[in-house]
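> Given next are the chains, with one letter for each unit.
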Amino acid sequence: MRIFFHAERCMLCQSCVLACQMNSIGVSEVMEIPREEKPLQRMAFIFSHGTPWVWRCQQCLSAPCVEACVTGSLRHGEEGTGVVHDRETCVGCGSCVLACPFDALTPDENNDRMTKCNLCPEEEIPPCVKACQSGALAYQDPKIFAQNKRKKFLWDQKVHRETN
Amino acid sequence: MKQTEEEGIKSPACGYGLMGLCCFSCLLGPCRISPFEGESAKGLCGDNVDLMVAKNLLRLVAGETAGGLKDLSEAVQNLGPLAAKQGAPKRPGKEVLKGILEKYGFTSRVSVSRFAHYLLRESQKLLSPFSGPESPSPLLSSLYPEGAFPHVYRETILPDSLTNLIFDALSQGEKEPPAVHVILRQCLKISMVKLISEELRRDIDYLTDGDPSPEMGTEVLDVVEDLPSEPLPVVVLLVRDDEFPEEFMSRATKELRQRLKGIARLIPLNTMRGLPSVGRGFFRKWSFPVNGMSAVAAVFSQSPASVLGALVCGFSVVSSPALPIHGSEVVERFFCKDLKEKLGSAYVPPRGGEVLPAILEFLGEKA
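The listed protein sequences derive, respectively, from chains A and B.
Residues in the first sequence are numbered from 1 upward in steps of one, following the working numbering.
Residues in the second sequence are numbered from 165 upward in steps of one, following the working numbering.
Here chain B stands alone, though its shape is the one from the complex (with noise of 0.2 Å):
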């Protein structure tokens, strides 16, 4: 699995920026704090040390998401026509659109204008910049049941527009810096916007490009119902297909699995938008929250909205490459031990840079 790894990963070389220690942020930098320098070291802005890991986080966190939000607001205008009963879209797939459906809480009677408009209507609420705290959107009630994620209504992380959190993250530098458990929770919360934006792309093109590539959440749900009716440790393994060759994620899945026979059951996923099927899979399949459960995600990518993510979704995470949050002990308490309270799951580092050691140390067995 080692080499596996290491053939795989590109880290970055620099050993500041995989703490988050460099901050790239004004023009007066980049600042570099050394982690040798103690607690009264700052960067030319005056940030400490875990305001600027913090800060760094949230913004690689909110880069990748607004970038995302523009390709579902593409999506989302494309519905249009398809709402209005106007235009031949490709005719969706009978299963995977009864699947689709399923999921928003629609039988298979529903007109597929229908649905869409329904689609068009929630999503174009929750990309409006005006949208407030009211009642949580159907959509996302859909999308996470409180049954199968209880932690994020109990400790708020549902959002209630997808784009006010971005425009508050990223206009931050010109106000006095918020606390760093602040910023962290918004590291969170955008997130779970990629989450959510990432899967209504998915399904909005689907609807509207009958996208012949098989439905992910569909293929999550085949593989959650071969489960066995009791529940068991479960290792979901995330290799990002936009960032690692086919051959990366068969062999660690193939070595994954070896490892981790009669030990827990292995899931993988290419993408993170898998994440809450496999959430509601598990929910549907044993009436456990993921929190509740020895779940895992091992999640090879160099995208920490993905690692955080997976734990919002309920999973214990550990990744690789790990998240740069080793620079500030108050960040990396955060995740590695006050989410456990909060959302009943946990960053585990990496073990010596490998992430099987961490895994097996979690499920209790020995490396």
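The shape of chain A in the complex, shown without the other chains (with noise of 0.2 Å):
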């Protein structure tokens, strides 16, 4: 499963942002975050070149991270798990940081080691996603993203020719 991102639906609200945050720092509710704690930065918002996208890592199949990775707390997860980091091994020597392409690895400043989008294995589907109202952010099977593409441009193109 992955995250795959719709741009012509986002409506650039963040919701996904701050979802993200508070399940960083573990609360569920607005209410209770607290004043004074930072929280990961395992996704952000950006533009690029006027379009909104989601900046998180993108869980590559054959991922440079995983490979620059001096302790092994980067690694491969099962089937459809993507690129799992373990926190706990982690020393935070920056080698991710420089091997991804997507710069999608941050330092956790609480506690000296990095942090990325681990999918939130824990959730049913991520906080992310779930916070999303527009369904700008689709949690997927890449197979079943892919054919849903296939079939939305053939439908596009059989829409087209019949209008002309």
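Hints may be right or wrong, so weigh each one.
Here are the simulated DMTMM-like pairs of lysine to aspartate or glutamate, each with C-alpha atoms no more than 25 Å apart in a straight line [to be verified]:
(1) A:149 x A:79
(2) B:206 x A:78
(3) B:501 x A:37
(4) A:130 x B:369
(5) B:501 x A:29
(6) A:143 x A:36
(7) B:504 x B:493
Treat the hints as calculated values from the structure; they're not laboratory data.
Reconstruct the complex from the two isolated chains, following the hints.
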């Protein structure tokens, strides 16, 4: 499973980022957010040439960070679980940051180690996907995502031919 | 109770909105301030977290109250023919009319047209933007007697004019923003305007339309009269009938009544204009103002004006959804702590998003 982002559906509300931050400090209600705590930065909202983009770990199939990790705390998970980062064994050397082409790993200043999106394995659906009200973030099997894209492309082509 | 709350409440999905950290007042926005950005974070206009949350609350309360004032103005216009003994309005029920007349300090011997004339004159004064700080309007002194609502006079929350506050609140964007506590006091005053306008409009509509639905004040007084002669803890359950279906109110009432058995008496209300009636009823029954008793209002409403209205009446308040104030420590402290000293009542944040544990904690009981 992966998180996919549909930019055309994004409302720019940034609820996904807030949900991720709240999950990183272990709160589920906004009323419980402690004032002084710094959350982990595992995802961010940016603009790329005017298009919104949710920057996060891409869960690469052949991840350079896994190759670069000196302690083995980054590894490929079981089938479908992306790249898993074990915070217990991480020493915060930053080799993964140098290797990652997407700059997806960031330092966890509270604990002197790195952090990244792990797809929240403890949750059935990642909190960022649950928080997105417009369906811009989707938690799907990549094969099904690709299949749906192909279907949509063919459908669009069919409609285009029929109207012309 | 938690399941009832979850099924009844359609909360906004945006965490920033729930905390009041989202501002949409200008075309450069909407701005969002993350709760993790710290005190230096500002919106595009330079407002910090405290100002953003306070101004958001003011905008919400003022916008809602302005709509209610428009309805009141239209109702007041309908009083003209009745006051001039023209037209043939439906005859209001005798008992209900007696209750309304007594509320405003009149005996039942007064003619409807004379009473209408009084209401018309005083309402027009209150709605006029030119009314200034004079001694409290006799109409407001009847609705909010000093014995029952001493804090309203002590803290000068009672408005001189119903419209000036709204004009001031909605025109502030062009001037230097006032201090946060000034904005929050305005929120309280404007919510009082909302309470006054709702109750006045209902009474005027009853006189002019003879609406057969029961007068809220009378119904509430019946409930208050049934209370024992010794004061006891009271929980007022306010579920606005324009926001929730009736079945939600019945379920919430049943569940709360069961849970509060032996702890507190439950008074259900389906409109915020019943709140002052409860306060007046308590004073008549027990000679205690609301803020001198163990009285808490559980407000189920998306409207911050309803929550602040209950605070202004002297009730401590728990609400679902919660007031959008958690984003600012200063604003939260004002409503949760500072108001306790000024009004004798305070806002109680729901525990884990639930209302019942907060109510029980307020009453000194375990959840």
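> State for each hint whether it applies.
To see whether the hints hold, each was checked on the structure:
no. : hint          : in the structure
1   : A:149 x A:79  : holds, 22 Å
2   : B:206 x A:78  : violated, 44 Å
3   : B:501 x A:37  : holds, 23 Å
4   : A:130 x B:369 : violated, 46 Å
5   : B:501 x A:29  : holds, 21 Å
6   : A:143 x A:36  : violated, 42 Å
7   : B:504 x B:493 : holds, 16 Å
Of the numbered hints given earlier, the model fails hints 2, 4, 6; all others are met.
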